[in-house]
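Asker: Listed below, chain by chain, are the residues.
Number of protein chains: 2
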Amino acid sequence: MKEKLLEFKEYIKKIEYMNSATSVLYWDMRVGIPSKGIPYRGEVLGHLSGEIYKLQTSDTMKGFIEYFDGLENLDETTESMVQRAKKNYNQTKKIPEKRYVEYTVLVTKAEAAWEEAKSKSDFNIFKPFLQEVVDFNKEFIGYWGYKTNKYDTLLDFYEPGITVEKLDKVFSGLRVAIVELLNKIKKSDVKPDSSIFTTGFSKERQEAFGLFVLNKMEYDFEAGRLDESVHPFTIEFCNMDVRITTNYHENDLKSALFGSIHEGGHALYEQDIPDSLQGTRLGQGVSMGIHESQSRFYENILGRSKAFWTYFYPELKKTFPEFNSISLDDFYISMNEVLPSLIRIEADELTYSLHIIIRYEIEKALINGEIEVEDLHKVWNAKYKEYLGVEPNNDAEGVLQDTHWSGGSFGYFPSYALGNLYGAQFLEKILKDIPDFYQEIEKGNLSDIHSWLKENIHKYGAIHTPSELIRMVTGEDLNEKYFIEYLNKKYSEIYNLK
Amino acid sequence: MKEKLLEFKEYIKKIEYMNSATSVLYWDMRVGIPSKGIPYRGEVLGHLSGEIYKLQTSDTMKGFIEYFDGLENLDETTESMVQRAKKNYNQTKKIPEKRYVEYTVLVTKAEAAWEEAKSKSDFNIFKPFLQEVVDFNKEFIGYWGYKTNKYDTLLDFYEPGITVEKLDKVFSGLRVAIVELLNKIKKSDVKPDSSIFTTGFSKERQEAFGLFVLNKMEYDFEAGRLDESVHPFTIEFCNMDVRITTNYHENDLKSALFGSIHEGGHALYEQDIPDSLQGTRLGQGVSMGIHESQSRFYENILGRSKAFWTYFYPELKKTFPEFNSISLDDFYISMNEVLPSLIRIEADELTYSLHIIIRYEIEKALINGEIEVEDLHKVWNAKYKEYLGVEPNNDAEGVLQDTHWSGGSFGYFPSYALGNLYGAQFLEKILKDIPDFYQEIEKGNLSDIHSWLKENIHKYGAIHTPSELIRMVTGEDLNEKYFIEYLNKKYSEIYNLK
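Note that the protein sequences, when read in sequence, are chains A and B. Residue numbers for the first sequence follow this note's numbering, so the first one is 7 and each next one is one higher. Residue numbers for the second sequence follow this note's numbering, so the first one is 7 and each next one is one higher.
Wrong hints could be hidden among the right ones.
Same chains, same names: a pair is fine if it fits in one copy or spans any two.
In silico PhoX-like links for lysine-lysine, alpha-carbon gap of 20 Å or less [stated by the list, open to error]:
| no. | residue 1 | residue 2 |
| --- | --- | --- |
| 1 | Lys222 | Lys312 |
| 2 | Lys465 | Lys42 |
| 3 | Lys8 | Lys504 |
| 4 | Lys68 | Lys438 |
| 5 | Lys312 | Lys126 |
| 6 | Lys465 | Lys172 |
Simulated from the structure, these hints should not be mistaken for laboratory data.
Take the sequences, apply the hints, and build the full model.
Answerer: In structure tokens, the structure reads:
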């Protein structure tokens, strides 16, 4: 068995090498490629993906899975490797190859149609493609199978173990709490002035301060780099090369800053994964939701806290003296302005989850045939009115705003809100383990919290499932309680609510 | 046959995709990688190289070669593709796999040993490794076979068709002519002042002017980009993505400037290759020598000409007003200062070829067993004294200065000098085809010459052999006559020789 295991690990390593190469090409395409080079790069990436697909679904892989699956005496890491390989194998192999290829072609067309539809703000252009994408997903669920709810099968790809049953419970509690809090805030006399963030800040100054914060966060620049791209992202080629990007807007100080902190949170996770997990496919985050818990923890729980800015605000003023006349309190309140809005990625910390819940409810109903693509923008607009009290003027700022559906990524959205819930659960435990947590943050010490996250979360890579991990770390299952408490406490203080 | 041909072309395309991916990873490693990411990147590149090796030497490839080789009715491109694939196949397949792997391992060690030896300036550290590398190359020549001279087999990898017999002839003529001219220059009263290039120039200004020149050269920035790296290089991922790098030194204006022009010359070649040759392995330059002819044409024949600076000097002064007090004549003469020196890559246009001829003579003798590794630095120093009148004070500025031998690249050096010879032969033809060539350059028109090079050289990619190409373009075989005439004319004027 020892020899077979060695062979299996070598085989997985090959997939990892190809993944790493693919990621470099993808990073370059988003950060540095000259425009005319894009079509050929697409072909090269297409070829590499095909090779990875072949490796993941080969008879050799099948042989490994059959040999190791259910075998006793496997260590934890190997067992996880086998289960992950099996999942990947089934995910693709159960679909007839012909249908898989047709779907790949469709998705490319759907993405182009979505782009056109969004630019023209016309849902009708996208509708027939979306219909086909939805139909394909329903058909695939038929091949993959499901237990209770069809949508569970899709959710499981992004957040293993999560189900409609669980999400219905936590999201409904969360929704009620947020709407209630929102209604109180609307009546508050506190009126934050967020215009202080839009008066014009050169890219150079923004970059300098962003680098300062990332260094304090202990993002390792010898194992990463910061570049610019249209949409910010984090990408890892190995634990020693984890790169982040941000996007500078001269008239918006918050965008690049919180973008960098957010991506920095993702990147710390990847940089902290131990060498021993490299090349095993477990050298990555547990799930999308847990990954978002790390980025959102840094962006919101830390990055939008009073303690954080007690240290960083004087530093910020050194780079941006225009803030000299604004008090820390006003700065802090302005940064946390709650304002129900139409666009998810521009939403504040409180209302953000409502954007996600709307998408979750729509996806769930769509996949289960309870609503039709035809009615999607009507449903969308109605839910925005109900939950957020705002209504889109057009499809571009409504149902067409996100790219996810054009790529067939149903089941992805909930990860963002799960990140909020996990993050608040971790915070609860952190406050027990590090009683002077906020005092240390006030001193600019981001080292203790980094060590805690590394020791309790990052160092395991993807060995565990999300539900195993949250239980290991906090002793509890996923629940919405702590995030609601966190929101109520923070925003009651800011908005002076009784 | 049609179907088989399609299969063959698809197969070659796969190799090309892998090559393109490898090049992106390599570029990133030299331009942007964080230091800790290098070891894993080495592993990924090792894997990809292995995959390319497998594709090039597979039974499938063997089948294609056996089927197509010698087949009549193949079009020119397909015939070239087959011959190139065959050459690659034989090159690797004739060596016992075990020996090939051992050689790969040795070369890695030899490169590390060379680095250490150079930093300590001690040839003895490198000697045992070099001995093994030489022995391996001799052994490999045994597998590959040779006709007249063992060294021919190695030369052929870089400059197909070139032989010791041909090189002995052209290089001896060249050497005599250069030494003669050099002796006259030594007695000249003209004393160029090259200190004007070392007074301190910020990177930003150098970059701005470099970009201006590259744009005038018609380097397409939508199909390329300019970055910084320790050693300048050109790399292509496809004809639509050809990137160059340069290296700025604040106390040396010439280094980055002529480096950029040189790499720009390489890059124009690659950017001009037609789409129809993409994915065929013929979408590249003919040979190292022809490639160098393009880069050196731009760097020296154009870039160090009076006509070029008649247009560009006023532009240069806009960016570098410190030159306002220096006349065009003085500037031109200073730029073309002839000064026999120890280091190849710092040599002037005239003496450069002598550095190459020394290396050529040593390699030839080494491979044919006429001198021993043991005596290499003595031979080196003696030749430098004889040809250039200078003697190294230590091995670092002597026999250890270049990396080529540590990587086993015997036969590569002559390409550089061949580039000079080809370039001058092309110039002779250009002056017939474009009688007002220099007048147009004086006006800053680099478009006509670019079109000529594209039409006569670039557009063919690697369809032809170097000897076919030089004959097609100029009607003559390779010879040293035109380069000697060019040197005599140019330097007689500059140094006021009779």
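Asker: Work down the list of hints and note, for each, if the structure agrees.
Answerer: How the hints compare with the structure:
no. : hint              : result
1   : Lys222 <-> Lys312 : within (17 Å within a copy, 54 Å between copies)
2   : Lys465 <-> Lys42  : between (41 Å within a copy, 18 Å between copies)
3   : Lys8 <-> Lys504   : neither (65 Å within a copy, 82 Å between copies)
4   : Lys68 <-> Lys438  : neither (46 Å within a copy, 67 Å between copies)
5   : Lys312 <-> Lys126 : neither (42 Å within a copy, 55 Å between copies)
6   : Lys465 <-> Lys172 : neither (27 Å within a copy, 63 Å between copies)
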